[in-house]
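Chain order of the listed sequences is Y and S. Residue numbers for the first sequence follow numbering that gives the first Met the number 0, beginning at 0 and rising by one. Residue numbers for the second sequence follow numbering that gives the first Met the number 0, beginning at 0 and rising by one.
I should point out that these hints are in silico values taken from the structure, not numbers from a laboratory. Check each hint, because a few of them may be wrong.
Here are some of the chain S residues that sit facing chain Y, going by a computed Cβ distance under 10 Å [as the list claims (entries may be wrong)]:
no.	residue
1	I22
2	G38
3	E56
4	T58
5	C123
Even for Gly, the Cβ is constructed at its ideal location relative to N, Cα and C.
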Amino acid sequence: MIREVTLNDSTWNEIPWKFEGGTQNIAGVIAFGKAIEYLNDIGMNRIKKNDEELTGYALEQIKNVKNVKIIGPSDNKNRSAIISFHIDGMHPHDVSELLDREGVAVRGGHHCCMPLMKVLKIPGTTRASFYIYNTKEDVDVFIEALKKAIEVFKL
Amino acid sequence: MNAEYFMKHSGEIETGLSEEDNIYKENILDHYKNPHNKGEIKHNSSIRELNPTCGDEITVFLEIKDSKVKDASFTGHGCAISQAGISMLTDKIKGMNINDVKKIKNEDIYKMLGIKITVPRIRCALLSLKAVNSAVKNYEIRNN
Numbered sequence: 000m001i002r003e004v005t006l007n008d009s010t011w012n013e014i015p016w017k018f019e020g021g022t023q024n025i026a027g028v029i030a031f032g033k034a035i036e037y038l039n040d041i042g043m044n045r046i047k048k049n050d051e052e053l054t055g056y057a058l059e060q061i062k063n064v065k066n067v068k069i070i071g072p073s074d075n076k077n078r079s080a081i082i083s084f085h086i087d088g089m090h091p092h093d094v095s096e097l098l099d100r101e102g103v104a105v106r107g108g109h110h111c112c113m114p115l116m117k118v119l120k121i122p123g124t125t126r127a128s129f130y131i132y133n134t135k136e137d138v139d140v141f142i143e144a145l146k147k148a149i150e151v152f153k154l
Numbered sequence: 000m001n002a003e004y005f006m007k008h009s010g011e012i013e014t015g016l017s018e019e020d021n022i023y024k025e026n027i028l029d030h031y032k033n034p035h036n037k038g039e040i041k042h043n044s045s046i047r048e049l050n051p052t053c054g055d056e057i058t059v060f061l062e063i064k065d066s067k068v069k070d071a072s073f074t075g076h077g078c079a080i081s082q083a084g085i086s087m088l089t090d091k092i093k094g095m096n097i098n099d100v101k102k103i104k105n106e107d108i109y110k111m112l113g114i115k116i117t118v119p120r121i122r123c124a125l126l127s128l129k130a131v132n133s134a135v136k137n138y139e140i141r142n143n
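My request is simple: use the sequences and hints to build the entire structure.
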C-alpha cells in the first residue's frame, strides 16, 4: 500500500502495510481457522500417535521387501510420517507410476534436493507419507503394490 | 470416517496393467537393463539434455562423417522410458543421413517404443529425440 503519490514521486507505507495492497485473503483466513478447528477437534496428540504408529508399522513392513533401501533413520523416532526409499535398478518415476496403477499415491523424484541425491548416489527417491486419514490397511496395500512393482521389473 | 470412505471406494478404481497400457513391456525393460550404445565414444558432436522436473538426463555422442551418422552413443540416467528410448534411437540412427535423422517425428518415437505413451510420459519418451536433434544441430552449426 502506498503512503503518498505525487506527480513526480511516491512513498510506501510501513511494513506490513506496504506489502498488503488490495483485499486481504479473507477466504483463506476463514478456511485456515476451520483447518485449525478440525485439527484441534481430532487432537494433535492423537494425530502424532497415529502418524508414529503408521510410520513404525510401514518401516517394519518395508524392511521385508527385497531390494528396498530406506533413506534416513530406520525407526520412527527421529522422523515424521514420511518414508523415502530407493530401489536399485528402478527409477523413482517408474516406481511411482507402478504404485499409482495400484491406487497408491506417492511422490517420486529428487524432491528439489538434487545435490543431496548426488551425495547419496541415487537418481532420486520414492516417498510415501501417512496422515490421520490413513490406516494400517493402507500400508498393507502400499507394501503389496511395492512388491508387485518390483516384480514388473524382475529384479 | 475418511479412511473408511477411501477403503470403500478404492475397490471401485480399476487397477493393474491391461495389455494395452503396459508400458513396461519386455523390450523396454530389456533396453533399460541392458542399454545399447551406452558410454562415451569418439565423437564430433555431443550434447546434454535433461527434463528438469523429473531428473531424466541424456548426453548424446555422435560421430558424423559425410552427412552420415557413423556412430552414436549416450550416457545418462532416468526412468525406463527415457533410457530405453535413447538406447533404441541410437541403434536406429546409426548409418542414417542426418537429413533423415532430422525428419524423425514424435510419432516415430512412440512407434519405436511400441507402447502407449500417456501425457505425463511424453517428455520421457521424447527426450531421446530432443537430444539427438540438438546434437545434429550442434554439428551443423559448427561445420557450416
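Quick rundown of the hints versus the structure:
no., hint, verdict
1, I22, "8 Å, holds"
2, G38, "18 Å, violated"
3, E56, "8 Å, holds"
4, T58, "15 Å, violated"
5, C123, "7 Å, holds"
When each numbered hint is compared with the structure, violations occur for hints 2 and 4.
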